[in-house]
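Chain by chain, the residues run as shown.
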Amino acid sequence: MDYGPSERPAGATPLPTAIKILVAGGFGVGKTTMVGAVSETRPLRTEEVLTESGVGIDDLSGVESKSTTTVAMDFGRITISDDLVLYLFGTPGQDRFWFVWDELALGAIGAVVLADTRRLADCFPSIDYFEGRGTPFVVAVNCFEGAKQYRLDEVQAALNLDPDVPVLLCDARRRESSKEVLITLLEHAMKTRDARRTSD
Amino acid sequence: MTVQGESAEHQWVDDHAGPVVRPYAVTRGRARPVTGTFDLISLVTATRADVSAEIGLGPEHVAIVGLCQRMQSVAEIAAHLDLPVGTIRVLLGDLVARNLVQVREPRTSAGLPDNSVFEAVINGLRAL
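Top line first, the protein sequences correspond to chains A and B. Those letters in the first sequence? Residues 74 to 273, per my numbering, in order. Those letters in the second sequence? Residues 131 to 258, per my numbering, in order.
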């Protein structure tokens with residue numbers, strides 16, 4: 074995509090760059106909690122209003138007879154510097170909103186898939202989605218109190234993950250832990266990109 | 131955060147009932163912006179400090195310009211004004227057409243950013 078209609082004096086300070094990371098996983102796994110733990114403000118919520126057809130609405134006459142759905146996304150902002158901003162988007166959980174995922178995943182540098190070992194299958198759709206798209210991702214096992222602790226290699230095997238995909242434990246409520254997950258993802262995304270370049 | 135035009139926003143919004151005005155009423159029925167695509171993380175900066183004297187702008191346009199005195203993403207504007215993203219895109223199209231905001235689109239097709247961006251983000255996160 075080209076730059077927007079902003080002025081761009083030659084040799085000036087770098088242009089502002091926004092990057093995004095997605096936080097995915099099943100319902101109630103702690104996506105918004107993680108977004109809030111590392112963001113500079115409480116998580117914000119943005120909504121897309123969709124009609125049943127979802128796309129191609131030029132003419133609004135008769136819209137009142139179509140059923141509309143609101144898809145909410147929670148997100149947070151981390152200002153890295155004056156010209157670099159990181160956004161974290163929690164993905165909407167319902168499978169029927171895949172096209173919202175497509176919009177979110179476009180241009181994302183990577184994704185965190187949050188997993189709960191009591192309901193491991195809940196994160197399968199997210200893993201399938203990012204594998205299919207080729208989006209770099211890590212799996213972060215959110216350690217809920219009272220949940221049986223599994224070894225990371227057991228989780229890796231249960232999810233049938235590529236051995237290169239990092240799997241780590243985290244506590245999504247804690248900033249330090251969530252930071253570590255994001256840093257692991259960024260390092261993994263860099264490696265993935267370099268590996269793709271050499272194989273091209 | 132103090133937002134210029136926030137009072138105008140609250141005039142229209144009831145926390146319990148949801149927005150009193152239907153989303154596309156503030157765009158006068160338009161579902162698509164006159165110009166631009168506006169990704170969720172496109173960064174918007176106002177080019178002017180105050181546009182309240184401009185003819186033909188609604189309170190939401192004025193609120194966006196007030197908010198974008200500091201660079202904001204499309205998603206943030208939608209969240210702060212409590213309007214759907216589609217509505218915000220239409221309003222931003224109006225503002226771009228009048229050169230009242232500058233929009234920086236993210237790189238979406240160029241693949242992953244280079245190492246300097248990754249390293250800056252990693253260092254920035256460590257410093258949090």
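One should not assume that every hint holds.
Claimed, not checked - Output of the computed footprint for chain A on chain B, the stretches with three or more beta carbons under 8 Å from beta carbons of chain A: (1) 169 to 178; (2) 223 to 237.
To be verified - Some, not all, of what chain B presents toward chain A, calculated at C-beta under 7 Å: (3) 181; (4) 185; (5) 188; (6) 248; (7) 251; (8) 255.
Read the hints as simulated data drawn from the structure, not as lab findings. For glycine and all other residues, C-beta sits at the position ideal for the given N, C-alpha and C.
Against the structure, the hints come out as follows:
Interface restraint, the segment 169 to 178 of chain B with chain A: holds (6 residues with C-beta to C-beta distance below 8 Å; minimum three). Coverage of the segment 223 to 237 of chain B by chain A holds in this model, with 7 residues showing a Cβ closer than 8 Å to a Cβ of that chain against a need of three. At its closest, the beta carbon of residue 181 (chain B) sits 17 Å from a beta carbon of chain A; the interface hint therefore is violated under the 7 Å criterion. Because the closest C-beta pair between residue 185 (chain B) and chain A is about 22 Å apart, greater than 7 Å, the hint is violated.
Hint status for residue 188 (chain B) relative to chain A: violated, with the closest Cβ pair at about 17 Å, above 7 Å. The closest approach between the C-beta of residue 248 (chain B) and any C-beta of chain A is roughly 5 Å, which is under the 7 Å cut-off, so the hint is satisfied. This hint holds: residue 251 (chain B) has a C-beta 6 Å from the nearest C-beta of chain A, less than the 7 Å allowed. Interface restraint check: residue 255 (chain B) against chain A, minimum CB-CB distance 5 Å, threshold 7 Å, status holds.
In terms of the numbered hints stated before, the structure departs from hints 3, 4, 5, listed from lowest to highest.
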